[in-house]
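Participant: In case you want the letters, here they are:
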Amino acid sequence: MRELDLPGKLFIVEGIDGSGKSTQLDLLHKWLISEGYLVVATEWNSASIVKQTTRRGKKRRLLTPMSFSLIHSADFASRTYQQILPALRGGAVVLADRYVYTAFARDAVRGVNREWLRDLYSFAVRPSLAFYFDVPLAEAITRIRGGRAQLKYYEAGLDLGLATDPEVSFARFQGLIREEYERLVEEFGLIRMDATQTLIRQQRLMREIVRPHLSDIVKVTTGEVREALASEDLLGRYLEPASRVSL
Amino acid sequence: MTEMNFFGHRPPGIATDALPGRLIVVEATDAAGRSTHIGLLKEWLEDEGYAVMDTGLRRSDLAGPGIQQAKEGHILDPITLNLFYATDLWDRIERRILPGLRAGMVVIADRYVFSLLARAAVRGVSQKWLEDVYGFALIPDRVIYLDIDVEHLVPRVLVTQGFDYWESGQDFLRGHDMFQNFVTYQRLLLAEFRRLADRYEFAVVDARGTAAEIFRALKEEVGEVVRGMPLDNPVTGVVLEPPDLGIGAFGSEGLGDRNGTANGGPADDQPSERSALGGSSQRR
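Sequence lines, in order, name chains R and U. In terms of the working numbering, the first sequence has 221 at position 221, counting the first letter as 1, and numbering is strictly consecutive. In terms of the working numbering, the second sequence has 261 at position 261, counting the first letter as 1, and numbering is strictly consecutive.
Worth double-checking, as some hints may not be accurate.
[Claimed, not checked] Label-pair distances were calculated between CB atoms; the ranges are:
1) U/His-176 / R/Arg-89: 25 to 31 Å
2) R/Tyr-153 / U/Arg-10: 57 to 63 Å
3) R/Thr-198 / U/Asn-5: 51 to 57 Å
4) R/Arg-61 / U/Arg-10: 22 to 28 Å
5) U/Lys-71 / R/Glu-227: 46 to 52 Å
6) R/Asp-194 / U/Ile-139: 25 to 31 Å
7) R/Gly-161 / U/His-152: 37 to 43 Å
8) R/Gly-111 / U/Lys-219: 51 to 57 Å
9) R/Thr-198 / U/Arg-59: 51 to 57 Å
10) R/Thr-23 / U/Trp-166: 27 to 33 Å
11) U/Lys-71 / R/Thr-23: 47 to 53 Å
12) R/Glu-227 / U/Gln-180: 19 to 25 Å
13) U/Trp-166 / R/Leu-4: 25 to 31 Å
14) R/Leu-4 / U/Gly-228: 50 to 56 Å
Quick caveat, the hints were computed from the structure, so don't treat them as lab data. Glycine included, every Cβ here is placed at the ideal spot set by N, Cα and C.
Between the sequences and the hints, there should be enough to build the whole structure, so can you do that?
Facilitator: Printed below as a string of structure tokens:
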């Protein structure tokens, strides 16, 4: 990964499904915005130009361990160059739900060479802070069972042939990913968060860790339009939705 | 035999056994006559009795349509575009090239990793990185390079498709002088190809001559590679043979008999369809 000296900061969260990482990142996001920071969020597997291909591959079950790995790296590259780098140059906080470590863990479980994966993702920017939400497998499975519809083919890791039953396969797959994460915590010094703690306690700790990294972050000035409207006694009926957000 | 050697690590799920087919790569810049000569080679090889498959960039089920779309929008950074092409190449290696080689075919690839390396180098992408990424590519039995210079290229482009956006490097060169950009871009690209030709020991064919001369040289190169392959290709043989409709033909023994491998004992040294196609790329 590249060590770049950019004005912005990149905070990322990792963990198996059901670890609560997205919830924590979401809470952090809201807090940062309320504090007035410029924040850009990016999600795994979301680049518009690559997404259709990934969807096609999943739907038709065309993806094998290598093509699965490659198409996700294309997605990640697209987000790196279109979202992450420009935002970091502009002095924003970038929040990433899953980062290269997701690929390192999942693809290694699928048998892809670990060294090759690190080479593949060498264009990635090294995060300022990387949180790993550590949760026992059984706990994560219980959490997911509550709120999720039918498991999808690749999501359940059915392509690995671990089990024919999606639920059983999913549990084994997540267990293997968790083992990989353990290696990654060591190798990359990920910050281990106890994901069995209460939401509030986890969030408090996360903010404490994040706070010292915010000194150079660009602040967004809000309320200026509101003041203008108030002083002129206007409603702002014809303003673009984007500028209404900053009201 | 195509040995199962890869430029880098062997990808997961790929067997290590040598394959009975041959992988021949034809590299060249656009309009150097690549597709014409691949068409001629294909016809000639088939007339000689070989089973031939051809494959080219962006023809994968998985990533082909996506790349096409991305190129039309001109919105991709070179890293993403390369990873898209890498996905396309791997999908074709896994689903087309390896099964073809396993079935004993001559697989002709209309461009391979080398075109991708050359284009990316010109655009400033790290060669070390790309070579690492393309470590998954199977090493071909031969890479034939149609060597041409810009002076011979320009008239060919003008009489065929005209100057193309990407082939003129418009995505990274400045200005709107397409002719000048084409010349600049192709000079850079051809220099990269020559560097790769040395490094990867391409068989270089002078593409400035007449079509007949070029084809003669190509036939010689390809002839060397395919020499010694069994012509009575087991796959074509099995397909063309009328099935024995006698009772029991569809029983387990009937199938074994037809392939000359009754009850597990190899009766002759000709590979059966089963072993030639067995366990193709579908799920391994």
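Participant: Enumerate the violated hints, using their earlier numbering and listing them in ascending order.
Facilitator: 2, 6, 7, 8, 10, 11, 12
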